[in-house]
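Chemist: Chains as they are written, first to last, in my numbering: chain A, 75 to 183; chain B, 36 to 150.
The hints are simulated quantities; they were obtained by calculation from the structure and are not laboratory data. Here the structure is a predicted model, which means the values were calculated and not measured. Nothing false has been slipped in among the hints.
Straight-line distance between alpha carbons at most 25 Å, and here's what the computed BS3-like set of lysine-lysine pairs gives:
1. LYS77(A) with LYS76(B)
2. LYS170(A) with LYS88(B)
3. LYS76(B) with LYS170(A)
4. LYS75(B) with LYS77(A)
Far from chain A, some chain B residues (derived; all Cβ distances over 10 Å):
5. PHE99
6. SER121
7. ARG133
8. VAL149
Here a beta-carbon is modelled for each residue, glycine too, at the ideal position from N, C-alpha and C.
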Amino acid sequence: DAKTTQPPSMDCAEGRAANLPCNHSTISGNEYVYWYRQIHSQGPQYIIHGLKNNETNEMASLIITEDRKSSTLILPHATLRDTAVYYCIVTGTASKLTFGTGTRLQVTL
Amino acid sequence: DTEVTQTPKHLVMGMTNKKSLKCEQHMGHRAMYWYKQKAKKPPELMFVYSYEKLSINESVPSRFSPECPNSSLLNLHLHALQPEDSALYLCASSQPKRGGYNEQFFGPGTRLTVL
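Working from the sequences, and respecting the hints, build out all of it.
Modeler: Right, here's the structure in full:
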């Protein structure tokens, strides 16, 4: 599975959009980009995934560049409850998730 | 019911004890997983069961013994653990689909302390 690079931490003001970047320059054609988050002392939670096209669901949007070497997770209106570690995972099979160190997002008032 | 439950929430055991962790889901998922998460580190995959058969073992020491008695239940039997095995143990489930698997649903974890 391709490796990913994420900034270790980010801050976001409540109510603003949080844009979390992820680099995956070695991604291959059949690998998906998955995003999970882990709120303190809880199990990880699935957010969204995509292959080539941009995706949106009730939680977030996923923007994947045309060359697929990077992506951005967008939380459109961040709240304090979105404070968590966000993991970007690239995998050819969602049965085997390899978590990197993730981005610690702190949402502040 | 979109929940994965894990019991117990906390467990303290000695190095000579035998204990078991339990995980349950009623979403009809046919893939179940065990992960280990040390403090301030990301989760690491230990085992994957697909249709009640062990499909992935990430070179986990034999003192950890998984068991999948039916499609809803997953156990992790622990024996002769070491203090460095203290961690949060997470269970997850997902539904296999053509060409892969759907997203994983995680339980809250069991926090294990080995004395």
